[in-house]
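Visitor: When you get a sec, could you build the whole thing from the sequences and use the hints?
First residue of the sequence shown? That's 19 in our numbering, and the numbers climb one at a time after it.
The set of hints was computed from the structure by calculation and includes no laboratory data. Do not rely on the hints blindly, as some may be mistaken.
Label-pair restraints from in silico Cβ distances [claimed, not checked]:
hint, residue 1, residue 2, range
1, D55, S34, 24 to 30 Å
2, R79, K25, 39 to 45 Å
3, I81, R23, 43 to 49 Å
4, K25, L48, 33 to 39 Å
5, D62, A32, 31 to 37 Å
For each residue, glycine too, the CB sits at the ideal point set by N, CA and C.
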Amino acid sequence: MLKTRLKRIADHQASSAKTMARIEASITDLSNDDLLDLADIFSDEPRTPLGDMAFAEMARRGIAL
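Guide: What follows is the structure in structure tokens.
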């Protein structure tokens, strides 16, 4: 029972990590205009993790709202 539960938890964590990597890759692949639109949507405080990712990518590219 414990091995099954630990495997299920590990599988869930791996799936979550893959999903997060896909989200980050999607943000990185956005054009500048789309990235600015995304950042504008998530610019309210407190900023969400998705907004943080968008603003980090904007900083990497050297663009601002």
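Visitor: Would you list, in rising numerical order, the hints stated earlier that this structure does not obey?
Guide: none
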